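Undergrad: Given next are the chains, with one letter for each unit.
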Amino acid sequence: MTRLIMGRLAEALAALLLMSLAIFLLSRVTGDPVALLLGDGATAEDRDLLIAQLRLDRPLWEQYISFLGNALTGDFGQSVAAGRRDALELVLDRLPASLSLAGVALGFTLVTGIAMGVLAAITRGSAVDLLVRIVALLGQSVPAFWLGIVLIYIVAVQWGWLPTSGYGTTAHYILPALTMGTFTLAAVTRLVRASMLDALGSEYIKLARIKGLPEATVILKHALSNSLIPVVTFMGAFFATMITGAVVVETVFAWPGIGRLAYESIVSRDFPVIQTVVLVITASFILANFCVDMLYLAIDPRMRDRG
Amino acid sequence: MQDHGFIRGSLAALAACAVALPVMAQSEDDTLVVALPTFSEQTMTPWGGSGQRKTYLDTVYEYLVYLDAEGNTEPGLAESWTVENDGTRWTFTLREGVPFSDESCGTVTAEDVKYSIERLIAEDSRAGPASTMRRIIDTVETPDERTVVVNLSAPDFLLDAGYFGEAQQLGIVCKSYSESQGEAVDSAPPVGTGAYVLESLVDGSEINMVRRDGDHWRVDPQWERISFRAVPEEATRVAMLRAGEADIAPVNFDSIAGLEEAGIRIVSAEKTWSPVIRLGGVVQSDPERFNAELPWADKRVRQAMNYAIDKQTIIDELFAGQGTVASGDTPVAAWDSVPPYPYDPDKARDLLAEAGYADGFDMVLKTFTTTPGAELPLMAEAAALYLAEVGINATIEPTDWPSVRSEWTGGGKLDFAMTHRGFPFPNPENGVEAGFSERSLFASFTSDELEAKLASLAAETDRAERREKLTDIGQYIRDEAGAIFMVLANEPYGVGADVSDWSIDTSYVYNFDRAGKAQ
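First to last, the sequence lines map onto chains A and B. When we follow this note's numbering, the leftmost residue of the first sequence carries the number 129, and every step to the right adds one. When we follow this note's numbering, the leftmost residue of the second sequence carries the number 6, and every step to the right adds one.
Next up, chain B with everything else stripped away, as it sits in the complex (with noise of 0.2 Å):
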């Protein structure tokens, strides 16, 4: 007889103290705990890294400029501005009497602004549109306490809403507080002068705010604490809307079903990001970087290439219908008028026989994923499909974004495209500059022609022929087929029964300090 007891006790021993153990599933009522795909570099400044610390960021920082839900401006920590000198001297007044969170630095002055801006445009800043700003920004001058002008070395009519607004990088910091810091001001507990000030951390996993002392002046939050959770998996943040752990995350297009179904609702940006196929070697103004030899070197080709693909389908299948067709590479308001290319693959093939591509050729089509942009290796499929029902075989590559944006950035003649998406610049004028001057290290398609409409608009100093003018180079960008322009995609949000008014309207905007406690 054989004695197994002690194996049973073992395996009894163990299941019993994995029940026993506490559960933590739920999340705390007082708290607004957001799941987040990534912290980025989980620096502390504004200056320290990306736009996307942002989403806690910004409930410590504040900005000039705010933006309404139309996107129009309104008072921040400046109370009013103007723009004189045909729009290069922008004279910022400040509100009176705004405290930041530490004390010591008082109310918040033109030195704070000043400081501020020039650490954002400082050649070690890695804040996303650092070297933008630092071209654009001439000098930064504080006649007295309340008062901020910035001189611009071109007209920018759109300094307000643009960079100096909420869904830039420009939070202003105390700089009594971050001179004191030195080399770790980066890692060190933020002080700015909004709503929640830094409660504790847990590197690369918890980042929690804990709501100020007495009124605010811009903002009423309903929550005490909010906990920013890093959570890459997608599928656990789904999991984690529906256990109840988490209030808000944003979520996959192909999550948006289950999730309603189990009561989650979804709260959408609408068209803040666009999913796009970049064609490589275009830059035709730059001869280290034009190619040629490549087929879509004739814009018959390009033009070939966009009628070819049914977009709306793609929309339909792959992005639950929430999205338009586009007509450009990013979301630019100017270019609303421009017509997307319609589906039409008879067109598509008279344009390639015209070329001399009446049989097709073949490509290579780079992708890769984004947040947002999980959808793009699917686009990249279904792009490929249709592509090749005109004669074109694109070969899929699927690569990391990091990979190809040393390759599309490294200066020499590419012969690939890649998916890409591209994102709504507060000032588009900026977004087109980076997208199609051969100035721009990432142009991915440039003429000659296209090079004197931007000058053009750069010196333009009336607003509405300013306007005029970018939308005549969105419409020339779009029949030059500077890309295969896909999709205007919303990015939607999975929101928990806690939540009760929350939205977010424009890219870069989160609004967590305005969220909504249900009763």
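Chain A with its partners taken away, still in its complex shape (with noise of 0.2 Å):
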């Protein structure tokens, strides 16, 4: 078991190595910040003091290597566009917001996505069966800035019941929730159908019917916790999909997370918080599929007995 975690370990670092030259190099592909920074009227004059201000002048491998360097003592520079501040600690300061989201939106997606996953099994064929499976494709179907102007200018603009965006209470989770939620949604419901199938066929579910367990029991008990291995597996994609869906979502709704950080800074060409957000989701995305991999060693005996 040590094995397999100091392996993963490794394998993390050498992700982030190679994310912060991927994003460091790609983030420099389109421009600076210095032609944004400058005014309309701005000289040659002006665009050379302002490039030597923000340090661009050196050779591209000496500014990589002087991130790295700082970044490995937690400086990873001031933003070039939001008044110098750190960028640690601006994205620190939102990923809260993007987390909790995130979490909400994955608790959302696990109960309802589990919940009709086992209705469509143990109803299969049934018009229930097949309505579930419209549901799961249109959730894989439907874009989310698309969902999530629709779910405003119904359940907010028409009915009332909820904000139209925004941050700060329970209410304004809801319709960010679930539009972040319904294409992960789609995919849990249409992975448990497909394990539960295969569970509700199995040798071991014919025997606790025979033992006369209720169906309850042998659907609960039995079949459900075998199906949700797949699950576990794929959580951890699922988050990155949270994650990275966050972009359109919070800035349909407004919220103030990570993913908004991240258009901001693009849009502004603010490489220190551009390289931050990127190296804050990649750390974040590693840690959770590590969760998932000690979840995966927790629950199934046999990968305990291969580490």
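The hints are simulated quantities; they were obtained by calculation from the structure and are not laboratory data. There could be a bad hint or two in this list.
Computed footprint of chain B on chain A; a stretch qualifies when at least three of its residues, placed anywhere within it, have a C-beta under 8 Å from a C-beta of chain B [claimed, not checked]:
{"#": "1", "region": "142-153"}
{"#": "2", "region": "175-188"}
{"#": "3", "region": "211-220"}
The structure presented is a predicted model; accordingly, all values stated were derived computationally and were not measured. For each residue, glycine too, the CB sits at the ideal point set by N, CA and C.
From the two separate chains plus the hints, produce the assembled complex.
TA: Structure, rendered in structure tokens:
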């Protein structure tokens, strides 16, 4: 087990290093913040002065080594656009909003997706099953920005039940979490349905029924617990989907998370913030997948033996 | 018999939770909620970023000079001022006893004004006009506590309405407070003389201002609080207006009809921005930037492109009729007498044939959205259709403003055109220099003749002559077809029923502290 954990940690460090290089180079492909920070009447001398102030006149490799060295000491640089604020502080300030929204969306996804998947499996071939599959198909097909705007207009404007956007109260979570979770909800539903169908056709379920166990016990205790293993496997990927989807959802719902910060920093070519956001998101993915691996070790004895 | 009760129970519990959660859909009675597309840098000093932050900073900071609805100057923190030495020496006399929001700062003194000016033009200033002001302002003197003398390196007869006016970024700060904050001053709570102070903020989401105690010397605010919300998606801002969550929000032209149907009134700042198509590679007086190979390096081709497009139809269809056909690239009052190009596709074809392009040519037209400016990509599509009618095949390339701006100011030979929007400069001479002088990185069209005209304008010491020369420059740029001039457009805002009087007459002057409250 220790070897497995160490292996995972080494992979995580390599991924972070690669990602830092990739984002460092990619963020510089479409220009720099200089053109945006200069006023309309700026001259070539103004541009040179600003380039020197931002230390963008050094060779790229030198800038990268400097960034990497400082990052190892926790210094990710100062924002170019947001008043020279510490980039890491800026990102960490916005992180709780994104994590809490992703957490609520994931909770909604799991509870509803598992319930719908089980329902579809135990009513296989019925109208309910068909309906759940249609809902799942739609969930994976509808773009988040469209769904978000439609929900705002129906639930918030027409019915007046919830706020259109913003952040601060429990009510503010519902529409963005629904929008963020719908794509993953469909995936969980289909995954649970498929694995439940497998489980329900297995010998141990037949045995449980022959022994006369109540149907709820057969479904909840025996079939469902085994069907959830694939869901656990994919939880890291689901979390990743939600964080990457946060850019759109946070923009539509004016949610002050790192998704919007990422978008804003890309628009303003705020290199230190872009790099920090991406590295924090990467670290979150790695941590989520690491947790999933550990969870998997805990629930699947075969993995423990292999580890 | 299968038992599905647990599933039904779970779903019912979820639904019950959703309905039971508190609804915070209405804006508070004493708070004016303003939904903005962006907080821009969200910094709190005048020099910490762009002029877009004036939406919220202008409730805290005040200016030496204010503008009335017609754009005439009115006393602000300066109760009077004079200009001498052929427009190179300005003397401002400050209003007595205007207190800062922080008691330790006392009242506004000449030293505060001097510090505010010098900080705004410092080399590390991120303010939009910093570099131009740095070139213009030579020294600032404070002969006594209430007098500020500004010596300029070149004549500027419009300094009061221009860089020192409320449409620009010279908000007056408290020197002692700003210095005490050190490097953190950009994100420290702002201290000014305005009617409001910062109450709280949620990074990237809300900036909440609260009215100061006591009477204010300039305005009598009717709202206890002003809450600015950053809402980048226009559809969400419209939804907020319709749901009563926002009282004022900028909206797109295609949202106007729906909002009016829903009882939201539209207040427009008239002719405050100018959608335009800039032609790259025609900085003719700079060999590094002039691309002589381009078809539009020939004046006749540029003129043909102007004649080929039915701009009035574009205004009617894309800008809800809210605008007029432009004869320049930014709104400039001195250019009102310059006639725009009429729609004349036959003349366009003749000019193309004369220039040797009877069969037309291919070109790239880059486009992107801005705020305002959601209509620019559609305008590009419409322009391309009209250009195709005279044989010019424009390929639309969607991009983003930061990318194209880097390219445009890179100093190379450009070979494409782009949609863009011009804003009025408080001093239009600075706007002309930014767009049409080879000194400017952003210049899109120059010529030796134009450089001579600009030099003559800069040296002119007679006000009336100066205005005539500015008009002459506008006529020259129009005749040379320095761009495809499109529209002088309005800037529409949706305003909810809780707001009584609120108007916006000038670009970058928002008057949120003057918004009336409906009874």
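Undergrad: Hints first: check each against the structure and report whether it holds.
TA: Outcome of the hint check:
1. Three residues within the 8 Å Cβ limit are the bar, and the region 142-153 of chain A against chain B gives 0, so the coverage statement is violated.
2. Beta-carbon proximity to chain B at under 8 Å applies to 3 residues in the region 175-188 of chain A; the threshold of 3 is reached and the given coverage holds.
3. Look at the region 211-220 of chain A against chain B: 4 of its residues bring a Cβ nearer than 8 Å to a Cβ of that chain, three or more, so the hint holds.
Against the hints set out earlier in the document, a violation occurs for number 1 only.
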